[in-house]
Amino acid sequence: MKVFKQKLSSAEISAIIGGEKQEPSDILLNNVSEAQEANESSIIFCEQERLLEEVQASRAGLIITNQTFAKRLANRPIIIVDKPYFSFMSLVSYWLKLDADEQEYTIDPSAKIHPSVSFAGKVSIGANVIIKANCQIGDNVVIGENCYIDKEVSIGANSRLYPNVTIYERVHIGKECIIHSGVVIGADGFGFVLMDNRQQKIPQVGTVEIHDYVEIGANSTIDRATLGATVIGEGCKLDNLVQIGHNCVIGKHSILCAQVGLAGSTIVGDYVYLAGQVGAAGHITIGSRAMVGAQSGIAASLPEGGKYFGTPAIDANQMKRQIIAQKSLPDMYRIYRKKLKGEKCD
Amino acid sequence: MKVFKQKLSSAEISAIIGGEKQEPSDILLNNVSEAQEANESSIIFCEQERLLEEVQASRAGLIITNQTFAKRLANRPIIIVDKPYFSFMSLVSYWLKLDADEQEYTIDPSAKIHPSVSFAGKVSIGANVIIKANCQIGDNVVIGENCYIDKEVSIGANSRLYPNVTIYERVHIGKECIIHSGVVIGADGFGFVLMDNRQQKIPQVGTVEIHDYVEIGANSTIDRATLGATVIGEGCKLDNLVQIGHNCVIGKHSILCAQVGLAGSTIVGDYVYLAGQVGAAGHITIGSRAMVGAQSGIAASLPEGGKYFGTPAIDANQMKRQIIAQKSLPDMYRIYRKKLKGEKCD
Amino acid sequence: MKVFKQKLSSAEISAIIGGEKQEPSDILLNNVSEAQEANESSIIFCEQERLLEEVQASRAGLIITNQTFAKRLANRPIIIVDKPYFSFMSLVSYWLKLDADEQEYTIDPSAKIHPSVSFAGKVSIGANVIIKANCQIGDNVVIGENCYIDKEVSIGANSRLYPNVTIYERVHIGKECIIHSGVVIGADGFGFVLMDNRQQKIPQVGTVEIHDYVEIGANSTIDRATLGATVIGEGCKLDNLVQIGHNCVIGKHSILCAQVGLAGSTIVGDYVYLAGQVGAAGHITIGSRAMVGAQSGIAASLPEGGKYFGTPAIDANQMKRQIIAQKSLPDMYRIYRKKLKGEKCD
Numbered sequence: 042m043k044v045f046k047q048k049l050s051s052a053e054i055s056a057i058i059g060g061e062k063q064e065p066s067d068i069l070l071n072n073v074s075e076a077q078e079a080n081e082s083s084i085i086f087c088e089q090e091r092l093l094e095e096v097q098a099s100r101a102g103l104i105i106t107n108q109t110f111a112k113r114l115a116n117r118p119i120i121i122v123d124k125p126y127f128s129f130m131s132l133v134s135y136w137l138k139l140d141a142d143e144q145e146y147t148i149d150p151s152a153k154i155h156p157s158v159s160f161a162g163k164v165s166i167g168a169n170v171i172i173k174a175n176c177q178i179g180d181n182v183v184i185g186e187n188c189y190i191d192k193e194v195s196i197g198a199n200s201r202l203y204p205n206v207t208i209y210e211r212v213h214i215g216k217e218c219i220i221h222s223g224v225v226i227g228a229d230g231f232g233f234v235l236m237d238n239r240q241q242k243i244p245q246v247g248t249v250e251i252h253d254y255v256e257i258g259a260n261s262t263i264d265r266a267t268l269g270a271t272v273i274g275e276g277c278k279l280d281n282l283v284q285i286g287h288n289c290v291i292g293k294h295s296i297l298c299a300q301v302g303l304a305g306s307t308i309v310g311d312y313v314y315l316a317g318q319v320g321a322a323g324h325i326t327i328g329s330r331a332m333v334g335a336q337s338g339i340a341a342s343l344p345e346g347g348k349y350f351g352t353p354a355i356d357a358n359q360m361k362r363q364i365i366a367q368k369s370l371p372d373m374y375r376i377y378r379k380k381l382k383g384e385k386c387d
Numbered sequence: 042m043k044v045f046k047q048k049l050s051s052a053e054i055s056a057i058i059g060g061e062k063q064e065p066s067d068i069l070l071n072n073v074s075e076a077q078e079a080n081e082s083s084i085i086f087c088e089q090e091r092l093l094e095e096v097q098a099s100r101a102g103l104i105i106t107n108q109t110f111a112k113r114l115a116n117r118p119i120i121i122v123d124k125p126y127f128s129f130m131s132l133v134s135y136w137l138k139l140d141a142d143e144q145e146y147t148i149d150p151s152a153k154i155h156p157s158v159s160f161a162g163k164v165s166i167g168a169n170v171i172i173k174a175n176c177q178i179g180d181n182v183v184i185g186e187n188c189y190i191d192k193e194v195s196i197g198a199n200s201r202l203y204p205n206v207t208i209y210e211r212v213h214i215g216k217e218c219i220i221h222s223g224v225v226i227g228a229d230g231f232g233f234v235l236m237d238n239r240q241q242k243i244p245q246v247g248t249v250e251i252h253d254y255v256e257i258g259a260n261s262t263i264d265r266a267t268l269g270a271t272v273i274g275e276g277c278k279l280d281n282l283v284q285i286g287h288n289c290v291i292g293k294h295s296i297l298c299a300q301v302g303l304a305g306s307t308i309v310g311d312y313v314y315l316a317g318q319v320g321a322a323g324h325i326t327i328g329s330r331a332m333v334g335a336q337s338g339i340a341a342s343l344p345e346g347g348k349y350f351g352t353p354a355i356d357a358n359q360m361k362r363q364i365i366a367q368k369s370l371p372d373m374y375r376i377y378r379k380k381l382k383g384e385k386c387d
Numbered sequence: 042m043k044v045f046k047q048k049l050s051s052a053e054i055s056a057i058i059g060g061e062k063q064e065p066s067d068i069l070l071n072n073v074s075e076a077q078e079a080n081e082s083s084i085i086f087c088e089q090e091r092l093l094e095e096v097q098a099s100r101a102g103l104i105i106t107n108q109t110f111a112k113r114l115a116n117r118p119i120i121i122v123d124k125p126y127f128s129f130m131s132l133v134s135y136w137l138k139l140d141a142d143e144q145e146y147t148i149d150p151s152a153k154i155h156p157s158v159s160f161a162g163k164v165s166i167g168a169n170v171i172i173k174a175n176c177q178i179g180d181n182v183v184i185g186e187n188c189y190i191d192k193e194v195s196i197g198a199n200s201r202l203y204p205n206v207t208i209y210e211r212v213h214i215g216k217e218c219i220i221h222s223g224v225v226i227g228a229d230g231f232g233f234v235l236m237d238n239r240q241q242k243i244p245q246v247g248t249v250e251i252h253d254y255v256e257i258g259a260n261s262t263i264d265r266a267t268l269g270a271t272v273i274g275e276g277c278k279l280d281n282l283v284q285i286g287h288n289c290v291i292g293k294h295s296i297l298c299a300q301v302g303l304a305g306s307t308i309v310g311d312y313v314y315l316a317g318q319v320g321a322a323g324h325i326t327i328g329s330r331a332m333v334g335a336q337s338g339i340a341a342s343l344p345e346g347g348k349y350f351g352t353p354a355i356d357a358n359q360m361k362r363q364i365i366a367q368k369s370l371p372d373m374y375r376i377y378r379k380k381l382k383g384e385k386c387d
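Protein chains in written order, with my numbering: chain A, 42 to 387; chain B, 42 to 387; chain C, 42 to 387.
Incorrect hints may appear among the rest.
Which copy is meant is left open, because identical chains are indistinguishable; a pair holds if it fits in one copy or across any two.
[Claimed, not checked] Below are the EDC-like pairs computed for lysine to aspartate or glutamate, each with C-alpha atoms no more than 16 Å apart in a straight line:
| id | residue 1 | residue 2 |
| --- | --- | --- |
| 1 | Lys361 | Asp372 |
| 2 | Lys46 | Glu193 |
| 3 | Lys242 | Glu217 |
If you're looking for bench data, these hints aren't it; they were derived computationally from the structure.
Whenever a hint applies, use it, and build me the whole structure from the sequences.
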């Protein structure tokens with residue numbers, strides 16, 4: 042349950058999200074919740090058959106639903122819309138902004154900021170933050186507690202770093218980005234060459250460019266390039282514990298789910314979807330709008346727009362047929378063995 | 042080798058763990074170790090044939106063993122018990138408590154604690170810790186250095202956060218929990234909807250509930266729910282680098298090994314065992330006492346109590362038969378190809 | 042593009058890396074870059090056909106290449122060597138050292154260092170660092186901001202911890218090691234025993250030994266041993282988000298790519314190569330110079346020197362044959378089903 046400080050009446054809510062209001066009383070609501078935990082001041086939504094019973098039994102003060110379910114929620118205060126979940130979430134976004142504390146633009150006195158750092162406007166810098174020489178921090182940037190930002194880093198306007206993020210030197214972060222706690226951006230790419238029976242380090246002198254509107258999940262790691270830049274394109278969303286190797290270049294608006302790993306120099310197109318725990322080999326290209334199923338291992342380049350699955354990843358339908366056939370493999374194998382022995386088998 | 046400050050005599054040890062003492066001399070011991078590194082003051086244990094030689098050659102001052110091995114450790118100071126490893130580890134636990142420095146209940150002066158934070162008893166707060174408004178900290182809680190705890194978090198009695206843990210707002214942690222370094226609890230769930238060709242963020246306004254007796258390994262991440270709560274049930278143990286998506290609900294006493302990842306809204310029962318690198322799809326249910334082999338990909342709900350393996354995960358025995366049959370697949374394929382060409386093949 | 046403060050002439054560069062200089066003019070250069078981003082002061086290299094066009098079109102002031110490509114770079118300032126990439130990277134390493142700011146040997150006043158900590162020489166300790174009792178810090182060690190080092194840890198000469206590293210008590214780190222941000226070394230091994238229907242914690246009283254010349258990538262975790270030590274051998278290189286379970290022992294100069302996970306008590310030989318997302322079961326041995334393909338699941342011990350792939354990992358060539366045969370499995374299965382029905386099928 043998310044309780045907001047400001048209350049909204051059902052009339053106000055109806056004005057915000059549109060839809061048809063079916064209950065005359067105009068009560069005040071102060072929270073959004075799931076059906077089970079709802080109280081008289083809660084707003085919930087209903088659009089799934091399997092959750093209807095819970096909704097009917099809930100104490101929620103207002104239910105956002107659609108025409109299909111409206112009849113089955115007789116005598117309940119409801120607002121009828123086309124897409125209940127979507128309208129509900131739009132309301133939440135609206136309410137969060139309405140309710141937000143006015144951002145305090147303070148720099149905590151314990152922060153250690155090099156005098157050469159430039160601020161393009163008002164910023165919020167938390168306790169124990171360290172910002173090294175020649176960084177450029179945009180307007181309305183929020184840098185959470187315990188973050189470390191090495192020299193010559195730039196962070197665009199309205200970006201937010203949650204506490205405990207580490208940014209190595211010369212990394213560029215665009216505007217409107219969200220970086221969650223524990224993320225490390227710009228650590229050395231993983232490059233070694235065996236010489237005289239030792240792994241000699243290849244210097245990693247490139248950088249990382251995070252474009253605008255990117256969100257990066259907790260404890261993910263994005264390595265700096267050997268030369269040039271590792272690039273995360275505009276609007277990409279990375280989940281937790283994702284690993285991006287050096288010199289990868291990811292296009293726009295792609296989704297990388299949790300624990301995905303890209304080896305070095307992998308090129309990823311726009312609107313690509315990589316499900317959880319997918320791995321990709323280095324020096325390959327994943328075409329735009331490709332969708333790759335969970336745990337797949339991408340061993341070679343994938344064309345645009347297809348669906349892929351498996352290790353090595355192939356066309357998803359083909360892989361599904363293999364998986365179905367595999368279930369009969371032990372029986373097929375038994376017949377095969379009989380044949381080898383010369384027995385009659387069919 | 043773990044050296045304790047307080048020494049114990051073999052008589053005292055025998056009194057602590059029970060068992061039959063077979064050596065008259067009553068020497069003082071001060072450490073537990075592996076056989077190879079043992080010295081005259083070491084206690085080791087012996088219950089495996091493959092390690093017997095090392096034990097015989099060791100300089101250990103006392104060996105905890107069972108009847109089977111007792112004869113083969115003639116002239117050595119031994120204590121005979123039913124379960125040597127278990128008794129040995131019970132001794133270690135006992136000794137650790139005996140030896141523990143009296144917990145210093147201090148709040149480091151560098152900690153930044155909001156005046157509204159409530160403490161239910163004595164606590165230990167390390168250097169550079171930040172605790173925001175309205176948090177409730179239980180009795181005997183230890184919060185390690187550099188931890189960040191956002192507003193309205195509660196932490197139950199006797200829980201311990203190792204250094205460098207990040208807790209986002211409104212997370213609840215039960216009593217007797219252990220949270221290792223680098224863990225991030227309560228970061229935003231991974232929810233986006235493509236609208237106008239951009240990934241629009243779905244607000245994540247739920248929370249996380251960690252119940253009592255939970256241990257969470259280093260650098261694991263547990264996301265907050267979209268609505269409601271992501272729940273880790275009583276007594277669950279999570280290893281390192283584990284990812285729990287938003288709205289997952291895990292039952293009691295389940296084990297999640299390292300690098301396991303659960304997508305959103307996955308339901309896990311009680312006493313479930315997920316081996317290393319297992320992934321689970323979202324919106325499925327894993328039945329209580331299910332055991333799932335390493336690297337398995339759980340694509341659909343699994344019934345209670347079975348053993349499962351593979352991607353997609355199926356009955357483990359069936360998967361083993363498939364794996365055996367697969368080894369002959371290249372030969373089967375050769376015959377298949379000959380057949381297609383019309384050659385005689387058997 | 043990596044810009045250096047000190048400029049080098051092409052004559053100086055030729056003197057550093059050897060090779061044949063083919064352009065009379067002796068211009069001053071100040072950066073290394075990729076071909077596309079190069080300017081008149083850039084050095085680039087060329088040894089791949091597929092990148093030749095980019096190199097020809099680039100504005101680079103100097104190109105390091107070999108005899109094969111020299112002819113196709115007429116009228117460009119070039120230096121001809123046997124191994125362009127290697128020579129280029131040697132130059133970068135040289136230049137980085139030449140250009141390095143003189144290391145400032147300062148201990149930030151905000152660092153909290155127990156009076157019993159010993160320093161073997163000059164060290165650099167960043168802001169907010171915490172070092173507990175009885176640690177031993179070698180000569181020329183650099184400890185980045187926000188690191189936490191628990192009691193009785195030793196760190197060898199010339200080792201570097203990037204910001205935000207956590208080291209638990211009694212861990213030993215050798216000389217010339219590089220530990221990237223977010224790494225956690227020495228957290229409790231993952232050991233529990235089910236007793237009275239609860240997961241009882243097995244105390245983890247061993248330690249971790251990181252030998253000399255080891256590099257550990259961002260957010261990796263290395264657990265302490267139950268007894269004895271978890272060992273990372275000399276010269277090993279671990280990428281990001283790698284998990285090493287308790288009591289693992291890794292030999293010398295092995296490479297573990299990103300997101301690799303080793304369960305407890307796994308023994309890894311020398312010069313082993315584990316590609317990304319490989320998992321290994323516990324209590325097995327991976328022979329020296331074994332190479333294991335990405336995402337493989339090592340379920341049993343592997344002999345020395347082979348190439349392995351798959352889950353469970355087997356000889357890589359055998360696995361490749363299986364993968365090829367699998368593509369025809371749906372067709373084989375169709376014929377098999379016809380046979381079962383008694384239809385003529387070949």
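Open item on the list: When Cα atoms must be at most 16 Å apart, do Lys46 and Glu193 count as within-copy, between-copy, both, or neither?
Closed with: between (40 Å within a copy, 14 Å between copies)
Task: Intra/inter-copy verdict for Lys361 and Asp372 if alpha-carbon distance must be at most 16 Å - done: This pair counts as between: shortest inter-copy Cα distance 13 Å, intra-copy 19 Å.
Open item on the list: At most 16 Å between alpha carbons: which applies to Lys242 and Glu217, within, between, both or neither?
Closed with: Classified as between; 12 Å across copies, 35 Å inside a copy.
When held up to the earlier numbered hints, the structure conflicts with none and fits them all.
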